[in-house]
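Novice: So the chains spell out like this:
2 protein chains.
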Amino acid sequence: MSWNKIIECVPNFSEGRDLEKIDQIVAPFRGKVGVKLLDYSNDEDHNRLVVTLVGEPEALCEAVVEAVGVAVRLIDLNQHTGQHPRMGAVDVIPFIPIKNTSMEEAIELSKKVAAKVAELFNLPVFLYEKSATAPHRENLASVRKGEFEGMAEKIKLPEWQPDFGPAERHPTAGTVAIGARMPLVAYNVNLSTDNLEIATKIAKNVRHINGGLRYVKAMGVELKERNITQVSINMTDYTRTALYRAFELVRIEARRYGVTIVGSEIIGLVPMEALIDTASYYLGLENFSMQQVLEARIME
Amino acid sequence: MSWNKIIECVPNFSEGRDLEKIDQIVAPFRGKVGVKLLDYSNDEDHNRLVVTLVGEPEALCEAVVEAVGVAVRLIDLNQHTGQHPRMGAVDVIPFIPIKNTSMEEAIELSKKVAAKVAELFNLPVFLYEKSATAPHRENLASVRKGEFEGMAEKIKLPEWQPDFGPAERHPTAGTVAIGARMPLVAYNVNLSTDNLEIATKIAKNVRHINGGLRYVKAMGVELKERNITQVSINMTDYTRTALYRAFELVRIEARRYGVTIVGSEIIGLVPMEALIDTASYYLGLENFSMQQVLEARIME
Chain A
1 MSWNKIIECV PNFSEGRDLE KIDQIVAPFR GKVGVKLLDY SNDEDHNRLV VTLVGEPEAL
61 CEAVVEAVGV AVRLIDLNQH TGQHPRMGAV DVIPFIPIKN TSMEEAIELS KKVAAKVAEL
121 FNLPVFLYEK SATAPHRENL ASVRKGEFEG MAEKIKLPEW QPDFGPAERH PTAGTVAIGA
181 RMPLVAYNVN LSTDNLEIAT KIAKNVRHIN GGLRYVKAMG VELKERNITQ VSINMTDYTR
241 TALYRAFELV RIEARRYGVT IVGSEIIGLV PMEALIDTAS YYLGLENFSM QQVLEARIME
Chain B
1 MSWNKIIECV PNFSEGRDLE KIDQIVAPFR GKVGVKLLDY SNDEDHNRLV VTLVGEPEAL
61 CEAVVEAVGV AVRLIDLNQH TGQHPRMGAV DVIPFIPIKN TSMEEAIELS KKVAAKVAEL
121 FNLPVFLYEK SATAPHRENL ASVRKGEFEG MAEKIKLPEW QPDFGPAERH PTAGTVAIGA
181 RMPLVAYNVN LSTDNLEIAT KIAKNVRHIN GGLRYVKAMG VELKERNITQ VSINMTDYTR
241 TALYRAFELV RIEARRYGVT IVGSEIIGLV PMEALIDTAS YYLGLENFSM QQVLEARIME
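Protein sequences, first through last, are from chains A and B. Per the numbering used here, the first sequence runs over residues 1 to 300. Per the numbering used here, the second sequence runs over residues 1 to 300.
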């Protein structure tokens, strides 16, 4: 790997149906030095496009700004319907530090991109998550509440002034949230019971909001076709709340209902460190360093 | 990663003392497109230099051949003493498939390098391990038996004709073994007992030669400063005999002596897949693919 620093970016665009437009939005991520398009998937019901890319900060910044320009030009939120909440042509752009980068650098990059898209496209930007300029702006759902339609008025409120760009909703492209965050790991633990009530109770006991683990969001879910239930987990910082800890705590909580774990699953991408740390726990590895992982060395 | 195929190479040179010569031998691995020097370490007692590098097959071939030329020029085995057995200025060159490469490709590369060094430097080459042309040549220790000194006569025996180069020991550089093999993982499991006899019994029960796991070599070792013992393991193919399986089998065998595992350790480099597979086992991951590992995708 010739890249020194790697940051991941997962921009969400409000176009999940028109394949020609999707192609144009994704085009700036192709064939660029210092940028690698890992994945993109559009959902017709959500009418939304989620792109996953990695790159060097500088190159990533340029490519993302270019794609935002394309989306602002192609997408009119006044014509947009879909199941997923959205407030802009580009709804949200998270930056995630992956290699040789600190959260501070990801925050810096998010602000740089924010300043550029505000200037170039007259787009109001809310900084969110780790980049947020006030606690009430950290949570994306809070920022987005009211969506495109409600944003016309909301953005005029003193507490919802944008961090960059005009204090006025873009007529067609709305507003965008840009920020830095830790990698999310979507992790589900499957239970031996078909009783959703039990799965929900276990989910509550392991999640942060109800007294569980600090970086765990969880809910009970039915898997009807398999006649089981699952604790569906979002690990919001696997470097602090380890994957194995959530897994073992689900096991411990399940015991009280005579329920066992039948398996677990990772949805989407996961940084290797999350799983290597888990292996390290179960093997009781002494003095282990990520520098011993061949691929980490190759990527250095 | 701009490289498509990655092969690892761990050449062993018979020079562990003269730092200037070591620098010259390692030089061909520096600053080359398609080759990355990961590590090199020299041992004065062994009088040996072990280099770890990765690269694309073509670039790796050229760099290794160049380094062999330097070693043949600088090292005279007639003057060489050291604790480690050796039969040549370059003692052994293993090639290990890492990414997007099959064992067949690694074997092919080993034969290409073998043909070149035989032709360019008049060096007799034995193909070993997966590249071996007969079963009695697979094991490096068997090939090397007699070392540089004994090779003068051994190489004239019909069953020890070299695969490439003259059937005569090189006057100063001896002979070299070149071949393809799986990655080795050096993995030690520490026991709660200071009784070496127990560690040795456990090692015997888990290793292949005595009826244990197919790709495990093991021996009992004393860790005197910690007052414990360890089962020191060489995992010769972690893709077939998984790390967790060796660990759990040591635990099971230890139970008969009332001994527990106090920890384990990985020595040197380990491919991420070995640990990710271990995490996958303990978490009971369903439908997991290495394609979900972010770093695997980045390196694609």
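In case anyone wonders, no lab produced these hints; they're calculated from the structure. Keep in mind that a hint or two might mislead.
When chains are identical, the list treats them as one kind, so a pair holds in a single copy or across two.
[As the list claims (entries may be wrong)] 30 Å max Cα-Cα, derived DSS-like pairs, lysine-lysine:
hint	residue 1	residue 2
1	Lys154	Lys111
2	Lys32	Lys5
3	Lys154	Lys32
4	Lys99	Lys32
5	Lys201	Lys154
6	Lys201	Lys116
7	Lys99	Lys5
8	Lys130	Lys116
9	Lys32	Lys217
10	Lys154	Lys112
11	Lys154	Lys5
12	Lys145	Lys5
13	Lys201	Lys5
14	Lys201	Lys112
15	Lys224	Lys112
16	Lys154	Lys224
17	Lys204	Lys112
18	Lys224	Lys32
Novice: A separate judgement is required for each hint: does it hold in the structure or not?
Specialist: Here is what the structure says about each hint:
1. Lys154 x Lys111: Close inside one copy (22 Å), not across copies (70 Å); limit 30 Å.
2. Lys32 x Lys5: Result: close both inside a copy and across copies, 16 Å intra and 21 Å inter.
3. Lys154 x Lys32: neither (38 Å within a copy, 57 Å between copies)
4. Lys99 x Lys32: both (19 Å within a copy, 23 Å between copies)
5. Lys201 x Lys154: neither (36 Å within a copy, 73 Å between copies)
6. Lys201 x Lys116: The answer is neither: 46 Å in one copy and 67 Å across copies each exceed 30 Å.
7. Lys99 x Lys5: For Lys99 and Lys5, the Cα distance is within 30 Å both inside one copy (6 Å) and across copies (22 Å).
8. Lys130 x Lys116: Close inside one copy (19 Å), not across copies (56 Å); limit 30 Å.
9. Lys32 x Lys217: Neither. Shortest intra-copy (36 Å) and inter-copy (47 Å) distances fail the 30 Å Cα cut-off.
10. Lys154 x Lys112: within (24 Å within a copy, 69 Å between copies)
11. Lys154 x Lys5: Answer is neither; intra-copy 37 Å and inter-copy 53 Å both fail.
12. Lys145 x Lys5: Answer is neither: 34 Å inside a copy and 47 Å across each miss the 30 Å cutoff.
13. Lys201 x Lys5: neither (42 Å within a copy, 48 Å between copies)
14. Lys201 x Lys112: neither (43 Å within a copy, 62 Å between copies)
15. Lys224 x Lys112: Neither: 46 Å inside a copy, 56 Å across copies.
16. Lys154 x Lys224: Close neither inside one copy (40 Å) nor across copies (70 Å); limit 30 Å.
17. Lys204 x Lys112: neither (38 Å within a copy, 61 Å between copies)
18. Lys224 x Lys32: neither (44 Å within a copy, 56 Å between copies)
Hint violations for this structure: numbers 3, 5, 6, 9, 11, 12, 13, 14, 15, 16, 17, 18, all remaining hints satisfied.
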